[in-house]
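Asker: Given chain A's structure and the hints, the job is docking chain B onto it.
As you go down the protein sequences, you meet chains A and B in turn. Under our numbering, the letters of the first sequence match residues 1 to 388, in that order. Under our numbering, the letters of the second sequence match residues 1001 to 1313, in that order.
What the hints contain is simulated information worked out from the structure, not anything from laboratory work. You can trust all of the hints, since none of them are fake.
Partial pick of chain B residues on the chain A-facing surface, computed with a CB cut under 7 Å: (1) Ala1081; (2) Arg1086; (3) Leu1091; (4) Gly1223; (5) Ala1230; (6) Ala1272.
Don't be surprised by glycine CBs; every beta carbon is placed ideally from N, CA and C.
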Amino acid sequence: MNAARGSSQQNVWRFRRRTDVPLWLNILIRLFAVALALVLVSVILQLGGLQPIALGKKALVQTLATSYGLQQTAILATPLIMTGLAVALGMKMRLWNIGTDGQLYLGAFAATAVGLFVQGPTWIMLVLMFIAGALGGILWILIPAILRAYWNVNEIITTLLLNFVAVLLVSHFAIGPWRDTGAAILSATRRIPYEIPAFGTSYLHIGLFIPLIIAVLLAIVMRNTQWGYEVRVIGSNRGAAEFTGMPVLRHILIIMLLSGAIAGISGMIIIAGTSHRLSGTISNSYGYMGIIVAALANGSPLGVLVSGILLAILLNAGIVLQTSGLSVSAMLAINGVILIFAAVGEVATQYRLVRERVEVRLQPGMAETSNAQVVQAGTVPPEKERTE
Amino acid sequence: MINVLSGVLAAAIASGTVIALAALGELLAERSGVQNLGLEGVMAMGALTAIAAVRWHPDPYFGLLAAILVGLLLGIVYATATVIFRANQVLCGLGLAFFGTGLSGRLGAPLSGFPSPATFQPVRIPLLADIPIIGNAVFNQPLLVYFAFFVLPPVISFVIHQTRHGMQVRSVGENPGAADACGISVTKIRLLYTCIGCMLAAIGGAYITLAFTPSWIEGITAGRGWIAIALVIFGAWRPLPVVLGALLFGAVTSLGFVAQLQGWGIPSSFLAMMPYLGTILLMAIPILFRSRALRKLSASPAALGIPYIREGM
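Only chain A is shown next, with the shape it has when bound in the complex:
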């Protein structure tokens, strides 16, 4: 410690706000959040008398090392990426579509209605079901979107509440009027005769490309069109966008409807691609997990592709481990932890630890004081709360 009178220089660790967060840090911190959540869950499992490492190994082997596991993961990734894209699209404008689960159900419902009650050649029918799915999703977000755009009614709550309504509606039809009376199935409709063509004998179907195409399209539109530019401007500064005359309300409406359409299409893909029957349980909380997919991707459409696959692996691991004490509820809980860690991690990316030289002015007679006191006298001490 320099004890000279007058002034002295000193090196101090400080947290400084970043003006620009590098991509690698964003990715790193999110992977860290997922890893930390998994470690936490492992500790809990260990305390509960289970062997987390053996379980994790079993899950990974059955998910990634078998052909069936890989196919299953790809099938789970499809709706997760779709709902993730739907949420990410809203995030661009700070809109939260929490109702993708309901829109997925309505898309599936509309596609089923077309599949059950209209007859025609498979390709035309698939196109019709696709359109019906999109319209079902749009219908389900229409009221929240109008309320949000024109009267500023909180869209988080309205979209979420409609999830409950959607499940009730679909269950009603699946158990009631549309129930398959021929088979011994109690809670699903009869098999819909129109199916998305599969690859050879596998479970995989060409519908898996739809999320890929939509993600790339969204990325291009957001980056290279005036519309995408306006959406980004509104998202970062609504006041400025209004001032320059951008049609903010119309953009809010369109973004939300588009978000609903994407979620609705994912319902159609489930019906025509994998489940083939409508029931009240076609969604493994896909809509809710979509929020995590979008948050991990930081709202980037191409990032959603990666985080969607990551969460599909996790979800499949959870399903594989169902016999070993895990369940879909447990997966939802783990996802909740990941989301909280990711949100906290995001704050951490906004700061960086730097070592700075600071000038410490000493008042006469203070030369003999200790290091800590000098810092207090001269500068603001770094606070613990500044980051994390």
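Answerer: Below, chain B alone, put in the same frame as chain A:
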């Protein structure tokens, strides 16, 4: 007919109590500027904890206490993430909601379907309970009901609007920078009220499994946490309208019971949709307020959902 009316009222109050407790908790947190979307998860954990605790020691107040402690714990976790680390409140809130509903579903699986061994008994208030029609419905209820409808709203209203401390809380929710400059600890007040909010939500959950429908099934909260958040908006962050909204919600729910009992021929799934659709309708009502004064009156706390970062940091 009178019996039906009395029954509707009793059911409205019973199901309204759950929402009222959680909504009042959310109101306190939001008044200090913290939006907690995790209410649903906290409520589910409170409900599970209460029934698990009374299975171990059959005293409803023991179950209530256990639920409050779990609520406090979740509140501390949420407040640490959002107030101390200043993480995004929407993401953390959703995370908490998923965590609570998921964990309660997993941990509660072995308890599924068992009735609660101890429940809150109704406490009859003499004289008042003899009033025709409303007497038995309103004044022959568990103590928590009186607490939710007659004790909490006036107390919260008084503290928030009439005391110095309440003004500090409101200032933290409206303009934390100014409050900070006046020497009020933004962090302390937000931490405190977020935790109180979670404890009240957990009490609401405990009321479900210890009185309203005394058994456990996964998803027993059925979105009541979300409805509570909606009611805070509907009630314009004021305790009395929020509680009235909870009662109205309860009435909508109990109409479903009545329709089922009376056999009106409406499918039960459609009746079950009513609370959710009704809540969305309630949220749309303020758009009818054309006058500026009314709009101003129903505005949210200015700093709601925005983490406070002291300037220069």
